[in-house]
Structure formats: C-alpha cells, structure tokens
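*Asks:* Residue strings, one per chain:
2 protein chains.
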Amino acid sequence: MLLALAEAAKAGGRGEVPVGAVLVRNGTALAAEGNRMRELADPTAHAEMMVIRAAASVLGNDRLAECDLYVTLEPCTMCAGAISFARLRRVYYGASDPKGGAIESGVRFFAQPTCHHKPETYGGLGERESAELLREFFAERRWPGRL
Amino acid sequence: MLLALAEAAKAGGRGEVPVGAVLVRNGTALAAEGNRMRELADPTAHAEMMVIRAAASVLGNDRLAECDLYVTLEPCTMCAGAISFARLRRVYYGASDPKGGAIESGVRFFAQPTCHHKPETYGGLGERESAELLREFFAERRWPGRL
Chain A
1 MLLALAEAAK
11 AGGRGEVPVG
21 AVLVRNGTAL
31 AAEGNRMREL
41 ADPTAHAEMM
51 VIRAAASVLG
61 NDRLAECDLY
71 VTLEPCTMCA
81 GAISFARLRR
91 VYYGASDPKG
101 GAIESGVRFF
111 AQPTCHHKPE
121 TYGGLGERES
131 AELLREFFAE
141 RRWPGRL
Chain B
1001 MLLALAEAAK
1011 AGGRGEVPVG
1021 AVLVRNGTAL
1031 AAEGNRMREL
1041 ADPTAHAEMM
1051 VIRAAASVLG
1061 NDRLAECDLY
1071 VTLEPCTMCA
1081 GAISFARLRR
1091 VYYGASDPKG
1101 GAIESGVRFF
1111 AQPTCHHKPE
1121 TYGGLGERES
1131 AELLREFFAE
1141 RRWPGRL
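Protein chains in written order, with our numbering: chain A, 1 to 147; chain B, 1001 to 1147.
Please keep in mind that the hints were generated in silico from the structure rather than gathered at the bench.
Watch out, some of these pointers could steer you wrong.
[Unchecked claim] Residues of chain B clear of chain A, computed beta-carbon distances all greater than 10 Å: (1) R1014; (2) T1028; (3) A1032; (4) M1037; (5) D1068; (6) G1081; (7) G1123; (8) E1136; (9) A1139.
[To be verified] Derived lysine-lysine pairs resembling DSS-like cross-links, with alpha carbons at most 25 Å apart: (10) B:K1118 <-> A:K99; (11) A:K118 <-> A:K99; (12) B:K1099 <-> B:K1118; (13) A:K99 <-> A:K10; (14) B:K1010 <-> B:K1099; (15) A:K118 <-> B:K1099.
For clarity, every value in this text was computed on a predicted model and none was experimentally measured.
Positions of the beta carbon are idealized from the N, C-alpha and C atoms, including for glycine.
Take these sequences, add in the hints, and give me the full structure.
*Replies:* Okay, here's the thing in structure tokens:
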C-alpha cells in the first residue's frame, strides 16, 4: 500500500486526482500506476484499470488468477466491474468513497446478482494517508470564493 | 447500428463474444470496434471501452461531448461506468442482458446517486439481430452433452 500511496502522490503531481494502485501476485508487484485520465485523454485510465491492463498484458491472460489489488481509494463502478472480470482474488483499499465508490458504497457491485466473480475486500488500509492526499489536492484547486 | 452489428459478427469470427460498438459524433463514426478481451489479453477490452478510448484519443479529450454510442448488447457495469465518465450524450443498444447488463438490468447504474452523468438511453435497436449473433455463438460452443 506504500507503493500505491507513492503512485497516488505522483498522480497528484501530474495534476490528476491522486489515486494509486498496485497489482501483486505471489508477493511480486506486476504493475504500479496512478490515475492518467487527463494526461492520456482516456476516461477509463483510472489507476485500477491501468494496473489490471498492465498485469494482464504481462501474464498474457485476461484472467488474473491469484492476483491482489492495492488501491488508495474505494474503486468506482467501472473499476469494480473490471476487477470482477479480471477475477482478482483480493482488493485492499484505503479511503472509502461514498460519492463514487462501488464496494461498500453506491451499487455495492460485488453483492449483486449480475456480479459473477466476487473478490475478498478489505477497506481502511492506509485510509488516513489516502484521504489526506485527496483533501490536499482538492483544497489547492478550490476557488477562493468557495472557501 | 448496422456497423455495430458488423463489428459484432467480426468479433465472433475472432472467437470473441460477438458484441460490437460504434462511437458517433455529429453523424460521423469516430470509432468502430468489437470485443477483443481474449485477443488482447485485456479483461477491459469490451467493444464499448474500445470505442470510448479510441474516440477520446481522436478528440484529445477524456470527455466526449455530443457523442453517441451504438452497441449491440446492453452495456455491463464496467462499461456503464465508463459511459458516464466519458459524458456520452446518448446510448443506443440492441439486446437486453438480464445476467450482466447495468442499464435496465442489474445495478441500473444511470439511476443511482453515485452516477454523476446520465446519458439518454434507448434499448431494443437491432435487438433481434444482436441476440441472434450471441445465440449462434454460444450454441456452437455448447458441449453436446449439455444440449
């Protein structure tokens, strides 16, 4: 999760919402990435999507057996769908996201009948550091008139 | 939708689940693609994701203003999330997907509070042809013992 936090900080430095993710298999990091939606002009380039795609490419398989995801923010609806398709084993995430999350918030996708693979999920890992990165990022960008 | 159906048929010919999509802006097709999950070893390579990413790349913007999506099958949870992030204007889809869809089925994402952009949606366009492609594909792959 420290590596995911470092990727989140790097994403913030690039002007992206600071979220980072790492994809791990058998104790080895297959991929580590942060958000790149603005940089790549790609609305799907969330940190989670980037590491899933990179790890699947490394393994040459669209199913990531025995792989675990570490991500600094609760995954959104799109990423929850991708996590399920990728057959990830476990998801460890930092801060909860009541406005956009889809694990414990929103559509709670892994508990739905249209979800056909449900990973184990563990929230709150590095929660304080993850949330602080997001708070700082948005505080710096807030218009003075709105403070 | 005829172009999306042609992409679906081509995807089936490549051994992929036959779903095709086209991204249109002002009457011009910016991208047309079919599923490529197996070929690219990428669990996120659904037809909808492929055309959203391609069109965003063409426009150099992660928000696809005034763009409409044509897709042969009701989008899944992952794709519904991506459609919302991409700010698509309208989604026209063929067959419904009660087992995996997320528009009129499953999580009905566009009706949820964690969905922050809701496109107009129109189902049933080319429904018969879309469903027939899927039926043929799965019938050919079904084990004789299960028929």
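*Asks:* So, for every hint listed, does it hold in this structure?
*Replies:* Right, here's what the structure says about each hint:
With 10 Å as the threshold on Cβ separation, the claim that R1014 of chain B sits away from chain A holds: the shortest Cβ distance comes to roughly 14 Å. At roughly 18 Å, the least C-beta separation between T1028 of chain B and chain A is larger than 10 Å, which holds for a residue marked as non-interface. Listed as outside the interface, A1032 of chain B is consistent with that label: its C-beta sits roughly 18 Å from the nearest C-beta of chain A, beyond the 10 Å cut-off. The Cβ of M1037 of chain B does not lie farther than 10 Å from every Cβ of chain A; its closest approach is about 5 Å, which violates its non-interface assignment.
Remark: the non-interface label on D1068 of chain B is consistent with the geometry, its nearest Cβ contact in chain A lying 15 Å away (cut-off 10 Å). With a least beta-carbon separation of about 3 Å from chain A, G1081 of chain B fails to lie farther than 10 Å from that chain, contradicting its non-interface assignment. Remark: the non-interface label on G1123 of chain B is consistent with the geometry, its nearest Cβ contact in chain A lying 16 Å away (cut-off 10 Å). With a least CB separation of 22 Å from chain A, E1136 of chain B remains clear of the 10 Å interface cut-off, as annotated.
Interface exclusion of A1139 of chain B from chain A stands, the closest Cβ pair being 21 Å apart, more than 10 Å. Straight-line distance between C-alpha atoms of K1118 of chain B and K99 of chain A comes to about 15 Å, which keeps the hinted pair within the 25 Å bound. For the hint linking K118 of chain A to K99 of chain A, the alpha-carbon distance of about 22 Å falls within 25 Å, and the restraint holds. Between K1099 of chain B and K1118 of chain B the alpha-carbon distance is near 22 Å, which keeps this suggested pair within the 25 Å criterion.
Taking the CA atoms of K99 of chain A and K10 of chain A, the gap is near 23 Å; set against the 25 Å cutoff, the hint holds. For the hint pairing K1010 of chain B with K1099 of chain B, the CA-to-CA distance comes to about 23 Å; that is within 25 Å, so the pair holds. Restraint check for K118 of chain A and K1099 of chain B: the C-alpha separation of about 15 Å stays at or below 25 Å, so the hint holds.
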